Amino acid sequence: MPIQVNLDRVMAERNISLTELAGRIDITLANLSILKTNKARAIRFSTLEALCRELKCQPADILEYTSR
Amino acid sequence: MKTKFTLLRYLAALFRLTQVFIAIGLVGMVVFVPLYPGLVDSQRGSAGIFLEGDNPGFFVSGDSAGWTFLSSLNSGNSSPFRFVRPSGLPSYGSFSLGPVKLKNATNQFSVNSIPTPDSGVTFNNLSGFMTFSHPKNTGALVAPLTAPFVVSMLVNGLFLIALLECLQRVFRSVGEDEVFSEKNLRRVRMIGWLFVISSVLRVITGGWLMHRMTELVRHAVPLNGMSIESTIPGDITPFLTGVVILGLAEVFRQGLRLREENSLTI
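Same order as they appear, the protein sequences are chains A and B.
Counting from 4, one number per residue, gives the positions in the first sequence under this note's numbering.
Counting from 385, one number per residue, gives the positions in the second sequence under this note's numbering.
Hints should not be assumed to be uniformly reliable.
Pairwise CB distance ranges (calculated) [said to hold, decoys possible]: (1) B:Leu391 to A:Asn41: 38 to 44 Å; (2) A:Asn41 to B:Glu560: 25 to 31 Å; (3) B:Ala397 to A:Leu51: 43 to 49 Å; (4) B:Val414 to A:Ala33: 51 to 57 Å; (5) B:Ile581 to A:Ala63: 56 to 62 Å; (6) A:Arg44 to B:Lys567: 20 to 26 Å; (7) B:Thr625 to A:Ala33: 39 to 45 Å.
DSBU-like mimics (lysine-lysine), calculated; alpha carbons at most 30 Å apart, straight line [as the list claims (entries may be wrong)]: (8) B:Lys567 to A:Lys39; (9) B:Lys520 to B:Lys487; (10) A:Lys42 to B:Lys567.
For the record, the hints were derived by calculation from the structure and aren't laboratory data.
Quick caveat: nothing in here was measured; it's all calculated off a predicted structure.
C-beta: ideal position from N, C-alpha, C; glycine also.
Whole structure, please, built from the sequences with the hints as guidance.
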């Protein structure tokens, strides 16, 4: 998909695991995994806000547009 | 969360019960019909085969070992498990069939009216159940009707059982939080097709039964100038219902698409 989710990169930089992040932002582990592996069709703003808040980053750090 | 699906669970259970009822009726029919001649000829009971709309029905009344039983299964228009007796149940030793529609030359039957003989009262047709009291050979009456009757009952009964099964499965899946799924879409479409196909089959088998009944009456009853009218019984309602349901299945398909998209929205 043209929109890539670079969640794993940011998570590695912040040294936080999937399980811990899921617990902090009240998303199921399964859903977070779907997001991380680029299988999601859409993301809610509330989810994006929670991710940026916990990972202390900008949406651009997590989401990337590739023209392919 | 489970409480809001209680109605669906009760309905599913009710449907299961109805299926059992219908299955028992079908088995009962297959068991009873060969017994009709014996029952009637020995005057230990009465029996009948009839057609209501395009739905077949039968009744048996008998006296066996001191207790009387009466059973009648009419997979009728609105209620598949209604037990009905045609009114005017004859005394034992008779076989009934119908409906039969009689016409005479003028297409009218007149009756002397009350209170003045000048004013006329006419029936435009006479249609009803015909009862052979103490027939000479019940076997000859029943034999031509058996095949179309059994086939007709099977078509109706199996259609209902399949319909109830599909509905049950849909309701149960909703109870388990699986509403718009591929499986349910298939079930809804199946329900639509069941209505469509069964309505066609019912007209065919009902017409067959009606034809046999008419022929039987023609041969067995001296009509004295009256003729019997045989019309093909048919009801377009289930066919239209099926088409409507197939249309709704397309709506369902959209629901499926929306749900799939939603489930992948994090």
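Here is how each hint holds up against the structure:
1. A beta carbon spacing of about 41 Å between Leu391 (chain B) and Asn41 (chain A) agrees with the range 38 to 44 Å that was offered as a hint.
2. Take Asn41 (chain A) and Glu560 (chain B): their Cβ atoms lie about 30 Å apart, and the range 25 to 31 Å holds.
3. Between Ala397 (chain B) and Leu51 (chain A) the Cβ separation comes to about 45 Å, which falls inside the hinted range of 43 to 49 Å.
4. Taking 51 to 57 Å as the suggested C-beta distance range, the pair Val414 (chain B) and Ala33 (chain A) conforms, at roughly 52 Å.
5. For Ile581 (chain B) and Ala63 (chain A), the hinted distance range of 56 to 62 Å is satisfied, since their beta carbons lie about 58 Å from each other.
6. A hinted range of 20 to 26 Å for the beta carbons of Arg44 (chain A) and Lys567 (chain B) is consistent with their spacing of about 21 Å.
7. Between Thr625 (chain B) and Ala33 (chain A) the C-beta distance comes to about 41 Å, which sits within the given range of 39 to 45 Å.
8. Between Lys567 (chain B) and Lys39 (chain A) the alpha-carbon distance is near 29 Å, which keeps this suggested pair within the 30 Å criterion.
9. A threshold of 30 Å between alpha carbons decides the hint, and for Lys520 (chain B) with Lys487 (chain B) the separation of about 26 Å falls inside it, so the pair holds.
10. Between Lys42 (chain A) and Lys567 (chain B) the alpha-carbon distance is near 23 Å, which keeps this suggested pair within the 30 Å criterion.
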